[in-house]
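One line per chain: the protein sequences are D and A, in this order. Take 86 as the starting number for the first sequence in our numbering and just add one per residue. Take 99 as the starting number for the second sequence in our numbering and just add one per residue.
Read the hints as simulated data drawn from the structure, not as lab findings. Please read all numbers here as calculations on a predicted model, not as lab measurements. For every residue, glycine included, the Cβ atom is placed at its ideal position computed from N, Cα and C. Misleading hints may appear alongside valid ones.
[To be verified] Here are the computed distance ranges between Cβ atoms for each label pair:
id, chain 1, residue 1, chain 2, residue 2, range
1, D, Gly104, A, Ile206, 54 to 60 angstroms
2, A, Ser242, D, Asn152, 25 to 31 angstroms
3, A, Ser242, D, Thr219, 22 to 28 angstroms
4, A, Leu130, D, Pro252, 37 to 43 angstroms
5, D, Thr98, A, Pro155, 54 to 60 angstroms
[Claimed, not checked] Some, not all, of what chain A presents toward chain D, calculated at C-beta under 7 angstroms:
id, residue
6, Ala250
7, Ala257
8, Glu259
9, Ala260
10, Met261
11, Ile263
12, Asn264
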Amino acid sequence: MLRLENVTAHYGTIQALKGVSINVNEGEIVTVIGANGAGKTTLLKTICGLVSATSGKVYFYDMDITNLPTSDIVAAGIVMVPEGRRIFPRMTVLENLQLGGYLNRNKSETKANMERVFELFPILKDRLHQIAGTLSGGEQQMLAIGRALMSRPKLLLLDEPSMGLAPKIVLSIFDIIRQINREGTTILLVEQNAHMALSTAHKAYVLETGRILMEDTAEKLLHNEQVRKAYLGEA
Amino acid sequence: MNSYYVQILTVTGINIILAVSLNLVTGFTGQLSLCHATFMGIGAYTATLAALKLGIPFAVALILGAISAALFGFIIGVPTLRLKGDYLAIATLGFGEIMKNILLNLEITGGPMGLRGIPKVTNVYVVYLCVTLVIFSLNRIMHSRVGKSFIAIREDELAAEAMGINTANFKILAFVLGAFYAGLAGGLYAFFFRYINPNNFGFMKSIEILSMVVLGGLGNTYGALLGAAIITVLPEFLRSVSPVIAQYRMVFYGILLVAMMIWRPQGIMGENKVMKRRGQAA
Numbered sequence: 086m087l088r089l090e091n092v093t094a095h096y097g098t099i100q101a102l103k104g105v106s107i108n109v110n111e112g113e114i115v116t117v118i119g120a121n122g123a124g125k126t127t128l129l130k131t132i133c134g135l136v137s138a139t140s141g142k143v144y145f146y147d148m149d150i151t152n153l154p155t156s157d158i159v160a161a162g163i164v165m166v167p168e169g170r171r172i173f174p175r176m177t178v179l180e181n182l183q184l185g186g187y188l189n190r191n192k193s194e195t196k197a198n199m200e201r202v203f204e205l206f207p208i209l210k211d212r213l214h215q216i217a218g219t220l221s222g223g224e225q226q227m228l229a230i231g232r233a234l235m236s237r238p239k240l241l242l243l244d245e246p247s248m249g250l251a252p253k254i255v256l257s258i259f260d261i262i263r264q265i266n267r268e269g270t271t272i273l274l275v276e277q278n279a280h281m282a283l284s285t286a287h288k289a290y291v292l293e294t295g296r297i298l299m300e301d302t303a304e305k306l307l308h309n310e311q312v313r314k315a316y317l318g319e320a
Numbered sequence: 099m100n101s102y103y104v105q106i107l108t109v110t111g112i113n114i115i116l117a118v119s120l121n122l123v124t125g126f127t128g129q130l131s132l133c134h135a136t137f138m139g140i141g142a143y144t145a146t147l148a149a150l151k152l153g154i155p156f157a158v159a160l161i162l163g164a165i166s167a168a169l170f171g172f173i174i175g176v177p178t179l180r181l182k183g184d185y186l187a188i189a190t191l192g193f194g195e196i197m198k199n200i201l202l203n204l205e206i207t208g209g210p211m212g213l214r215g216i217p218k219v220t221n222v223y224v225v226y227l228c229v230t231l232v233i234f235s236l237n238r239i240m241h242s243r244v245g246k247s248f249i250a251i252r253e254d255e256l257a258a259e260a261m262g263i264n265t266a267n268f269k270i271l272a273f274v275l276g277a278f279y280a281g282l283a284g285g286l287y288a289f290f291f292r293y294i295n296p297n298n299f300g301f302m303k304s305i306e307i308l309s310m311v312v313l314g315g316l317g318n319t320y321g322a323l324l325g326a327a328i329i330t331v332l333p334e335f336l337r338s339v340s341p342v343i344a345q346y347r348m349v350f351y352g353i354l355l356v357a358m359m360i361w362r363p364q365g366i367m368g369e370n371k372v373m374k375r376r377g378q379a380a
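Given the sequences, and given the hints that come with them, work out the whole structure.
Structure below.
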């Protein structure tokens, strides 16, 4: 479904991705784990066109989407939930969701999409007219995911959904991620919380300083010695 | 009505157009522009030259002025709107200075002597007809998808982009629209005062317009309207109280802005809740 071939990307003169190739199959949850500065966020931003790839190719189905404008990539069915949630703080929950469905001008579809978001996150319906900046961290993360789902993506890119959230909230966010996946959305998840990510995903990649170091089923990586030492804090 | 009052009322109307249009750029879209008076100047000079040298009718000249300001808005907007915050402000400042120097040195603009002998066509009715049209069209824009995009860019540019909003295009559009209205105000100004020179459209005028917007409340069209009215009328009122105070009106602006930022940083009217009300109605 999504295929990256030898993608490199730079921030100024710093090379953040040094030839990354990954493969995401339809229906999967794929995770990329790695430490701070490994290039995880850059990877997602490159896929959705917020950072331009300096070389390499990104294919979505069989379409070359390398360096297309983000609006075209969203229209094609890939949407990113940015790191740190990045909701529109002074708008209401409803306005945030409406902007998530920005590219879809069909009102009845937008309404149906919103109903689907409310099924996943009933709390958002209760908070519909609340100013988004006043929501709790967990609710903001739910809004950020709900906002992204408003465009009915085929592939959802999640950048550190556990960031800054209490462990209990993290569990419920990951439950919802699994549910979204079961309902048919493919997910590419980038996480520092390697344990949560590996126990949720089907397939996993380990990214270190811009290179893919390991690739396997999440199950296997969860029990891999090296991964356990480096990312799961075990001796 | 006393012609003095009519003049103040007319100038207030022109300033309202300037303030509500800068509010579109700075208040709604969140792009700090320090060259709004420059767009006004481009409009004033274009309209004047079109009328004086080419004999184009007043109404058409006004629109030509607005269009040429919009064109300059596009030309300066494309390279500079990649910049953010302070950097954009400095770039617009630079553009303002360049344009001022061009106006000062071109022969056709009359250099520092400016242009005189402009027919007086603007009157208070024409100005307020324009004010009405400008505010009506701004409200329509802000209630549309375009308006939502502007506000989303101000709220979080990266998130807006990630949702598929083409932020670069919308920032340029806001800039172009703002320049268009400012150019219209410039034409009205020229045809009212019958004399223009580059100093009418300098940095201080840009700051004055920005003060109106901040005073009234960034992101609120009627706040900008109120801010424009206060900043235009108050110095005149103070002039009648004491000529000394009128002389120091820039000091007065300064104090007013500092005081506002301390006690009411959101401006007199605060941010517009238009979006919210619409949201609830939906």
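Which earlier hints can't be squared with this structure?
Checked against the structure, no hint fails, so every one of them is satisfied.
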